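J.: Now for the letters of each chain:
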Amino acid sequence: DQQVKQNSPSLSVQEGRISILNCDYTNSMFDYFLWYKKYPAEGPTFLISISSIKDKNEDGRFTVFLNKSAKHLSLHIVPSQPGDSAVYFCAARGYSGGGADGLTFGKGTHLIIQP
Amino acid sequence: SQTIHQWPATLVQPVGSPLSLECTVEGTSNPNLYWYRQAAGRGLQLLFYSVGIGQISSEVPQNLSASRPQDRQFILSSKKLLLSDSGFYLCAQTRAGPVGYTFGSGTRLTVV
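Residue numbers (my numbering), protein chains in the order written: chain P, 71 to 185; chain D, 14 to 125.
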């Protein structure tokens, strides 16, 4: 049972435009959501997070939106830059699996920024 | 600051050979440690986690094992590798402060 779903394996966006990456979840007990960015042959790096008590968190070009009623979150990147090309993982914490700290990851979305 | 060291960066091993991947952490004590595998098209799969020395929890049945001989050392092993063990292996630790992990740089394992 996949509790965190990223239904788009890849996304292509033109440089300078907005990139929107989506993530859906099924467990209403998740209390924290995170986005990680991963380049090939490197470990994922933390990008931005949001608590379940908030609906928006912004950090520079990156904004995460949380819609709890729809069990949906999205990552907005604006403007998109070539260096944003990477795989983006959505993760959620809920102490229902995912190890001692309870993080469950989606399968990732490969974002490609086209010049 | 917290740092995770993983080695080797790449590894090519024949089927049936043993495996030992090492992960060490710096800048923290008593971390929760994790082994993940990223296989093609399958995202990040949690393999093992450890909350302390000698304490290992396995998330999925498989051909691999893990050990934590010291507080800051986490080892992933296999006695006989299978082709299906190929993938990108990542070590991670819980980071201090906000929720989330710090990942190592990973090991690309190819079993031939």
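Worth flagging that the hints you see were computed from the coordinates, not collected in a lab. One should not assume that every hint holds.
[Stated by the list, open to error] Some chain D residues well away from chain P (every beta-carbon gap over 12 Å; in silico):
1) Ile17
2) Val28
3) Glu39
4) Asn45
5) Gln51
6) Ile88
7) Gln106
8) Gly117
[To be verified] Under the rule of at most 30 Å between Cα atoms (straight-line distance), these lysine-lysine pairs were calculated in the DSS-like manner:
9) Lys92(D) with Lys75(P)
10) Lys141(P) with Lys126(P)
11) Lys141(P) with Lys124(P)
12) Lys177(P) with Lys126(P)
13) Lys124(P) with Lys75(P)
14) Lys177(P) with Lys93(D)
Just so it is clear, the structure is predicted and the values come from calculations on it, not from any experiment. Just so it is clear, CB atoms sit at the ideal spot from N, CA and C, and this is done for glycine as well.
J.: Hint compliance check: list the failing hint numbers for this structure, sorted ascending.
T.: 1, 4, 5, 7, 8 and 9
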